[in-house]
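Number of protein chains: 2
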Amino acid sequence: MSGCFYGVGVGTGDPELLTLKAVRLIQSADIIGYLKIESGQSLARDIASQWIDKQTELPIHMPAMSIQREQIKQAYDQAAIAIAKQLEHGKQVVFLCEGDPFFFGSYIYLYQRLSKNYHCQSIAGVSSIHASSALAGIPLVQQNDSLAVLSSRNSDQELRYALENFASVVIMKAGKHRQRIIKLIQQSKREKDSCYIERAGQKHEKVEHNINNLTQENGDYFSLFLIVKNK
Amino acid sequence: MSGCFYGVGVGTGDPELLTLKAVRLIQSADIIGYLKIESGQSLARDIASQWIDKQTELPIHMPAMSIQREQIKQAYDQAAIAIAKQLEHGKQVVFLCEGDPFFFGSYIYLYQRLSKNYHCQSIAGVSSIHASSALAGIPLVQQNDSLAVLSSRNSDQELRYALENFASVVIMKAGKHRQRIIKLIQQSKREKDSCYIERAGQKHEKVEHNINNLTQENGDYFSLFLIVKNK
Numbered sequence: 228m229s230g231c232f233y234g235v236g237v238g239t240g241d242p243e244l245l246t247l248k249a250v251r252l253i254q255s256a257d258i259i260g261y262l263k264i265e266s267g268q269s270l271a272r273d274i275a276s277q278w279i280d281k282q283t284e285l286p287i288h289m290p291a292m293s294i295q296r297e298q299i300k301q302a303y304d305q306a307a308i309a310i311a312k313q314l315e316h317g318k319q320v321v322f323l324c325e326g327d328p329f330f331f332g333s334y335i336y337l338y339q340r341l342s343k344n345y346h347c348q349s350i351a352g353v354s355s356i357h358a359s360s361a362l363a364g365i366p367l368v369q370q371n372d373s374l375a376v377l378s379s380r381n382s383d384q385e386l387r388y389a390l391e392n393f394a395s396v397v398i399m400k401a402g403k404h405r406q407r408i409i410k411l412i413q414q415s416k417r418e419k420d421s422c423y424i425e426r427a428g429q430k431h432e433k434v435e436h437n438i439n440n441l442t443q444e445n446g447d448y449f450s451l452f453l454i455v456k457n458k
Numbered sequence: 228m229s230g231c232f233y234g235v236g237v238g239t240g241d242p243e244l245l246t247l248k249a250v251r252l253i254q255s256a257d258i259i260g261y262l263k264i265e266s267g268q269s270l271a272r273d274i275a276s277q278w279i280d281k282q283t284e285l286p287i288h289m290p291a292m293s294i295q296r297e298q299i300k301q302a303y304d305q306a307a308i309a310i311a312k313q314l315e316h317g318k319q320v321v322f323l324c325e326g327d328p329f330f331f332g333s334y335i336y337l338y339q340r341l342s343k344n345y346h347c348q349s350i351a352g353v354s355s356i357h358a359s360s361a362l363a364g365i366p367l368v369q370q371n372d373s374l375a376v377l378s379s380r381n382s383d384q385e386l387r388y389a390l391e392n393f394a395s396v397v398i399m400k401a402g403k404h405r406q407r408i409i410k411l412i413q414q415s416k417r418e419k420d421s422c423y424i425e426r427a428g429q430k431h432e433k434v435e436h437n438i439n440n441l442t443q444e445n446g447d448y449f450s451l452f453l454i455v456k457n458k
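Note that the protein sequences, when read in sequence, are chains A and B. The first sequence begins at 228 in the numbering used here and counts up one residue at a time. The second sequence begins at 228 in the numbering used here and counts up one residue at a time.
No wet-lab data here; the hints were simulated from the structure. Among these hints, one or two may not hold up.
Since the list gives no way to pick one copy over another, a pair counts as held whenever it fits inside one copy or between any two copies.
Unchecked claim - Computed list of lysine to any residue pairs in SDA-like fashion (alpha-carbon distance at most 20 Å, straight line):
# : residue 1 : residue 2
1 : LYS281    : ALA302
2 : LYS318    : LYS456
3 : LYS343    : HIS436
4 : LYS400    : ASP372
5 : LYS458    : LEU441
6 : LYS430    : GLN348
7 : LYS410    : LEU441
Input sequences plus hints: build the corresponding full structure.
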């Protein structure tokens, strides 16, 4: 009998935001997989580290995001082959994923390669939109509100529509495009609704309630804008 | 010194989706508050019940949602007064909240009444959008995707715009308006992208991957449609 491939959400940084289910699955796993970036860091592993002991580790080395798509695709292809081999030996494989595995998570790329032939299960986690709104003390949505979640990869036009028509907007991966996003927020007259958050739950977490205080520099990769009507 | 008023997210039904932080705060709380509907039920308390022992309980009796707004407002006003009294005595008060407290959570109404004068903190939880996509095995958003979260309270026009322009759409509180929403999904030609989920993580959870199989009857209050491009 083949094993199960779990995508386990570990939240955004605070190790206490792991769920009981995440802890149980990590502790009982045969194999623990996670992405490791070129610098050698693995945020997901760091968050879950206190529960990793004698399990076999399967780090997946990921080239820098700026490098072309093909290399990233190959890294996932190779990882899927390695994981499949373990599943065929009946091993339980846990893949650690920041936030929630099905919410912009790297688990999705492995799930798409493996779910047709193997038993896969995503274990929901606390995502960045919830960790960030808690940290900032800003209720994200209530009553009749609607919410749009976009990222800096969306066009100006898409971002502007959301800012003008949704009570609540989250713009993810905002760091690199901070100036562009601030400009769009200003054009939509939503500065007072806006808040900028970096690395919620991590050591160097940051909340800026007045976006006009943000410098011209780029921000962190793990960053977002929360825009909430009368926040 | 006054106590702290915590909104603690307990997820949507599976008691294992409580976070470690939620468990710690529930166990160490002086007072545990939660909404109790007319039938005597409290879903949030049920989910967290194994961690409630000798803490004092503060059930907040909530009139049926169909009854006029004023009575609900009064129930929150009275609850806020009762909680404030405990905080002034230095008590730590935990309010249990389904999903995430700041994501359509009842905690928001108490937070708005208390946060100006008392220390309040929201503890992020696993929300229904994440619990549902995990249960259905449908990745919610990836790469350049954008997500719109609306509810049956939104107008046809708003729902239609989201269905036509967002890769991923969640329509919450869908049960009562199921037929209307199905019609809009059909008009937007997104039947194949759609999935209907009720009570994710609870005893009678339900996933229907083919929305054309849904009956004419109303669905449950805790229900949503997930619409994801090429799900």
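- Query: With identical chains treated as interchangeable, where does the CA-CA distance between LYS318 and LYS456 reach 20 Å or less: within a copy, between copies, both, or neither?
  - Reply: The answer is neither: 48 Å in one copy and 32 Å across copies each exceed 20 Å.
- Item | Within, between, both or neither: LYS458, LEU441 at alpha-carbon 20 Å | within (18 Å within a copy, 38 Å between copies)
- Item | Intra- versus inter-copy proximity for HIS436 and LYS343 (alpha-carbon distance at most 20 Å) | For LYS343 and HIS436, the Cα distance is within 20 Å only across copies (17 Å; inside one copy 45 Å).
- Please work out whether the CA atoms of LYS430 and GLN348 approach to 20 Å or closer within one copy, between two copies, in both situations, or in neither? between (30 Å within a copy, 19 Å between copies)
- Message: When Cα atoms must be at most 20 Å apart, do LYS281 and ALA302 count as within-copy, between-copy, both, or neither?
- Response: Intra 25 Å, inter 52 Å, cutoff 20 Å: neither.
- Up to 20 Å CA-CA - LEU441 versus LYS410, copy category: This pair counts as within: shortest intra-copy Cα distance 12 Å, inter-copy 45 Å.
- Item | Homomeric proximity label, LYS400 with ASP372: Cα distance no greater than 20 Å | Between. Shortest inter-copy distance 13 Å satisfies the 20 Å Cα cut-off; intra-copy 23 Å does not.
In this structure, the hints that do not hold are numbers 1, 2, in rising order.
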